[in-house]
Amino acid sequence: AQSVSQHNHHVILSEAASLELGCNYSYGGTVNLFWYVQYPGQHLQLLLKYFSGDPLVKGIKGFEAEFIKSKFSFNLRKPSVQWSDTAEYFCAVNAHDYKLSFGAGTTVTVRA
Amino acid sequence: DSGVTQTPKHLITATGQRVTLRCSPRSGDLSVYWYQQSLDQGLQFLIQYYNGEERAKGNILERFSAQQFPDLHSELNLSSLELGDSALYFCASSVGGGKDIQYFGAGTRLSVL
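Sequence lines, in order, name chains B and S. Going by this note's numbering, the first sequence opens with residue -2, and the numbers climb by one from there. Going by this note's numbering, the second sequence opens with residue 19, and the numbers climb by one from there.
Treat each hint with caution, since some may be false.
Label-pair distances were calculated between CB atoms; the ranges are [said to hold, decoys possible]:
#1 G46/S to G50/B: 23 to 31 Å
#2 E17/B to I30/S: 36 to 44 Å
#3 E17/B to I119/S: 17 to 25 Å
#4 R127/S to T27/B: 34 to 42 Å
#5 K66/B to I30/S: 40 to 48 Å
#6 F87/S to I9/B: 42 to 50 Å
#7 I65/B to Q59/S: 42 to 50 Å
#8 T27/B to L57/S: 41 to 49 Å
#9 R108/B to S45/S: 39 to 47 Å
#10 S11/B to G115/S: 38 to 46 Å
#11 E17/B to T33/S: 39 to 47 Å
#12 T25/S to Q42/B: 15 to 23 Å
No wet-lab data here; the hints were simulated from the structure. Where is the CB? At the ideal position from N, CA and C, for every residue including glycine.
Could you build the full structure based on these sequences and the hints that come with them?
What follows is the structure, given as structure tokens:
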């Protein structure tokens, strides 16, 4: 079955630490990949996207992600997190149809 | 602000009732998508409309229905509500019906008591 897997359910780290969130998908063929963030009490916001081209994409707020086709992965990274990065992060894939399939989400808690 | 407007923000109702959730897409967007976010199921795609016509269906119950009107706003109707229908319902919109970026509204939090 087609699916999107996020490796970590909850990540806790201190300010200035580096963050990496894993995402794997099981779709074959061409896909569009997204990372969305949901701050407490707010709606989903697009962090970054990959459609084609350079597999290393940069998004807002210092986030970046790398698409590795051979590993069906699209991992999210940030070199130095801030307290304001506390949120839930969702990986999403748009594959054969037009809907977004989301991973279960990773809750990131940054301690000041 | 994504430009997608959802009303109401909160809805509290009783089992067996019917409610209507409303979504106005971003200006110029022709596609509207509905998603349900619950603790046990996560974010699930329900249904998509493109320029007034149903384009794709996901895990939408038969008790739920949706439509997109000529002015492109959309409504999600939930009937015979059950406790398990309590969730956050998001609307998203995109320019076209293809693999475009989807912009999400703030959601409607439905509580069925």
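So which of those numbered hints doesn't the model satisfy?
Numbers 7 and 8, in rising order.
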